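S.K.: Spelled out, the chains give:
Number of protein chains: 2
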Amino acid sequence: MTSFEIDKREFIKGLSLMQSVAGRKTTLPILSHILLEWEKNFLFLTGTDLETGICEELIATVHEKGKASVSAKKLYEIVRELPEETMSIQKKENQWITLQCGKSVFNLAGLDPEEFPSLPAYQEEHFSTVSTQLIREMIEKTVFAASNEESRYHLNGVLFVQTKQGGKEILRMVATDGHRLSLVDQENLNIRGIEEKGMIVPKKGVLEIRKIIGDRDGEEGMGIYFNSTHGFFKMGKSLTVIRLIDGEFPEYEQVIPKGNDKRLVMSKEKMVSSLKRVSTMASERMEGVKISLKKNSMEMSSTHQDFGDAKEEVEVGYEGPPLQVGFNARYLIEALHVMETEEVVMELKDEGSPGILRPSSTTGPSSQFCIIMPMRL
Amino acid sequence: MTSFEIDKREFIKGLSLMQSVAGRKTTLPILSHILLEWEKNFLFLTGTDLETGICEELIATVHEKGKASVSAKKLYEIVRELPEETMSIQKKENQWITLQCGKSVFNLAGLDPEEFPSLPAYQEEHFSTVSTQLIREMIEKTVFAASNEESRYHLNGVLFVQTKQGGKEILRMVATDGHRLSLVDQENLNIRGIEEKGMIVPKKGVLEIRKIIGDRDGEEGMGIYFNSTHGFFKMGKSLTVIRLIDGEFPEYEQVIPKGNDKRLVMSKEKMVSSLKRVSTMASERMEGVKISLKKNSMEMSSTHQDFGDAKEEVEVGYEGPPLQVGFNARYLIEALHVMETEEVVMELKDEGSPGILRPSSTTGPSSQFCIIMPMRL
Numbered sequence: 071m072t073s074f075e076i077d078k079r080e081f082i083k084g085l086s087l088m089q090s091v092a093g094r095k096t097t098l099p100i101l102s103h104i105l106l107e108w109e110k111n112f113l114f115l116t117g118t119d120l121e122t123g124i125c126e127e128l129i130a131t132v133h134e135k136g137k138a139s140v141s142a143k144k145l146y147e148i149v150r151e152l153p154e155e156t157m158s159i160q161k162k163e164n165q166w167i168t169l170q171c172g173k174s175v176f177n178l179a180g181l182d183p184e185e186f187p188s189l190p191a192y193q194e195e196h197f198s199t200v201s202t203q204l205i206r207e208m209i210e211k212t213v214f215a216a217s218n219e220e221s222r223y224h225l226n227g228v229l230f231v232q233t234k235q236g237g238k239e240i241l242r243m244v245a246t247d248g249h250r251l252s253l254v255d256q257e258n259l260n261i262r263g264i265e266e267k268g269m270i271v272p273k274k275g276v277l278e279i280r281k282i283i284g285d286r287d288g289e290e291g292m293g294i295y296f297n298s299t300h301g302f303f304k305m306g307k308s309l310t311v312i313r314l315i316d317g318e319f320p321e322y323e324q325v326i327p328k329g330n331d332k333r334l335v336m337s338k339e340k341m342v343s344s345l346k347r348v349s350t351m352a353s354e355r356m357e358g359v360k361i362s363l364k365k366n367s368m369e370m371s372s373t374h375q376d377f378g379d380a381k382e383e384v385e386v387g388y389e390g391p392p393l394q395v396g397f398n399a400r401y402l403i404e405a406l407h408v409m410e411t412e413e414v415v416m417e418l419k420d421e422g423s424p425g426i427l428r429p430s431s432t433t434g435p436s437s438q439f440c441i442i443m444p445m446r447l
Numbered sequence: 071m072t073s074f075e076i077d078k079r080e081f082i083k084g085l086s087l088m089q090s091v092a093g094r095k096t097t098l099p100i101l102s103h104i105l106l107e108w109e110k111n112f113l114f115l116t117g118t119d120l121e122t123g124i125c126e127e128l129i130a131t132v133h134e135k136g137k138a139s140v141s142a143k144k145l146y147e148i149v150r151e152l153p154e155e156t157m158s159i160q161k162k163e164n165q166w167i168t169l170q171c172g173k174s175v176f177n178l179a180g181l182d183p184e185e186f187p188s189l190p191a192y193q194e195e196h197f198s199t200v201s202t203q204l205i206r207e208m209i210e211k212t213v214f215a216a217s218n219e220e221s222r223y224h225l226n227g228v229l230f231v232q233t234k235q236g237g238k239e240i241l242r243m244v245a246t247d248g249h250r251l252s253l254v255d256q257e258n259l260n261i262r263g264i265e266e267k268g269m270i271v272p273k274k275g276v277l278e279i280r281k282i283i284g285d286r287d288g289e290e291g292m293g294i295y296f297n298s299t300h301g302f303f304k305m306g307k308s309l310t311v312i313r314l315i316d317g318e319f320p321e322y323e324q325v326i327p328k329g330n331d332k333r334l335v336m337s338k339e340k341m342v343s344s345l346k347r348v349s350t351m352a353s354e355r356m357e358g359v360k361i362s363l364k365k366n367s368m369e370m371s372s373t374h375q376d377f378g379d380a381k382e383e384v385e386v387g388y389e390g391p392p393l394q395v396g397f398n399a400r401y402l403i404e405a406l407h408v409m410e411t412e413e414v415v416m417e418l419k420d421e422g423s424p425g426i427l428r429p430s431s432t433t434g435p436s437s438q439f440c441i442i443m444p445m446r447l
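The listed protein sequences derive, respectively, from chains P and E.
The numbering of the first sequence is the working numbering, which starts it at 71 and goes up by one.
The numbering of the second sequence is the working numbering, which starts it at 71 and goes up by one.
Keep in mind that the hints were calculated from the coordinates and are not lab data.
These numbers come from a predicted model, not from an experiment.
Treat the hints with caution; some may be incorrect.
No copy labels: a pair is met if it fits in one copy or bridges any two.
[To be verified] Restricting the straight-line Cα-Cα distance to at most 30 Å, the calculated cross-link-like pairs of lysine-lysine (DSBU-like) are:
id : residue 1 : residue 2
1  : Lys332    : Lys365
2  : Lys346    : Lys281
3  : Lys110    : Lys365
4  : Lys267    : Lys238
5  : Lys304    : Lys281
6  : Lys162    : Lys360
7  : Lys328    : Lys273
8  : Lys332    : Lys110
All chains, please: the whole structure from these sequences, using the hints.
M.R.: Okay, here's the thing in structure tokens:
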């Protein structure tokens, strides 16, 4: 009988990563399963929702190689409750498996593992190794601006683009929901397979990568490459394959405002906490806050039709003429949250034009900015 | 103009306690409000859902006494975001209030405070002082067994009963949902106003008391008394008034099994973790686990129609004849969780009779047990 043994801690690590993809789609019963394949000294776990697929390599003691497919959720629930010991798993004739640990015995219903959808094959030699920390930072600086509206599927992701500036290779990530846009550039990063128009990686997949990176530091590199339909991300013993969004990303370079000549400098922390206060009186749907600028002063104000109104004045560095403009407070707060400098710069033109937020200084070889559309208030 | 000043930390403490009652019912707009009354050196906050009412006394600097009624949620959201400073609140002519703190100004819509439903009046001299720690323990040992089914409203609470045993005054709490029952007795506790048939305090109110007690230790006493319609609970500067459930609590003494002559002793921790494992394969709706006893051994087993089956053997102290009986695993786990001893005793009769769980020894002047109805599996 084909079987293997595995340590609980090793097993649970792999199983927990599978939970976010396995069972997310319930159209096909087998998608709520994970594939277990044991061979040599390894157990390979695979889970997929047909958009994001994850494969994990775990250390196991294999007696004879084999395969099985069982419920991802049930197996996780069981293993989570087991003591920290070694357990043994045996394949039975009816596709079921028997899991034994101490005096506990579980028989888990299985499906034919040959029916499990296979992940697209990858080619080891195509991976470019990049810093996990840089990728995490770039994801965090953009993904919040991607759209959640399913009807705008071409905006439901982060665009990866490869550009050149002054002879330097630059990896760019851009995300937009039509109301705001966030862009980050990183010098000296080159990923294989990115087409000229860029590749749209879906938000769910990007967040999955973010989760797998977790709190790992930059020391450990991560392998990435793209083919025309998928992105491949390899980290340690974990491979994530993400189906790209097949759509046209907007011509984002055309919406970057050019003539924003009113420039103000402000403390990020002060701005965030003032916005949080004033936006308590903004309408829940519009979340609009009016910004009124005069020399070295910004007044923020909001009015709620049921609850009342709020206003607050903040000192800023501003030498331009008086100006009023309305913005969605949450968009401002979310953009400020991804700036790493203590001071941020806001560039405005007039009440009908988008504003630009950027860090007061660029940190090393990376640069970023957010564009936010104005609101009539 | 009538106004007061208050420290943020003092204010937020009171406002956060109001959030669970104010706005829970949306039938009357004023129930989403809290009443603010300032006088002498105090601000009194009152919130109610007409079942549970809370009144808090806070320290404030009052310039002229006054009253206002504003949205509990909005005021909390605003004060939470303010810096830790003193703020001033002024009543305006249109029932609104103006809140100022540093450079922030908020105008909050108000309603006529005279329309705010007043809490039942209490009589200071009626309070019996009891240990908060004992009340918390008694609540925790019973409230989980109360029913959540709205149609069985007479079971939606904890019965407070005053009894006598061997000349000693005993406070008893009992809760049941018809499938299980939990009872705890505490010697030398006497609360004024408890009628002979007992008083049913609704689960929501009991949980509110539990929350207000928080992690306070037993040093600080709490005042309690009942009149025929309400329970009054006073702790520090906080008064909670709970409308009692007007219904007949079942004759719980009649359902306490008498002839349970099969007695087994087991480790609480081991039992809980085995039950958690085996119940992963119990059906989601029934949560049934079969218990099979033989000399010094208990086997637990479960079967799920889609996922498979589980079994596990645990060593127990048992000298009786073989016996099989089914129970809801969650009811067993929840009952075990409120036992404080390392070992617990289970008393059974046969497969069709309820089981009793109790601590292996009684801790001091308190005693408790849980009754769980059997299931056919």
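S.K.: Evaluate each hint against the coordinates.
M.R.: For each hint, the structure was consulted:
1. Lys332 to Lys365: This pair counts as within: shortest intra-copy Cα distance 11 Å, inter-copy 85 Å.
2. Lys346 to Lys281: both (27 Å within a copy, 28 Å between copies)
3. Lys110 to Lys365: neither (72 Å within a copy, 43 Å between copies)
4. Lys267 to Lys238: So Lys267 and Lys238 pass the 30 Å test inside one copy only (18 Å; across, 84 Å).
5. Lys304 to Lys281: within (13 Å within a copy, 47 Å between copies)
6. Lys162 to Lys360: Between copies, since 24 Å is at most 30 Å while 67 Å is not.
7. Lys328 to Lys273: within (29 Å within a copy, 62 Å between copies)
8. Lys332 to Lys110: neither (65 Å within a copy, 51 Å between copies)
Going down the numbered hints, you'll see the structure goes against 3, 8, while the others check out.
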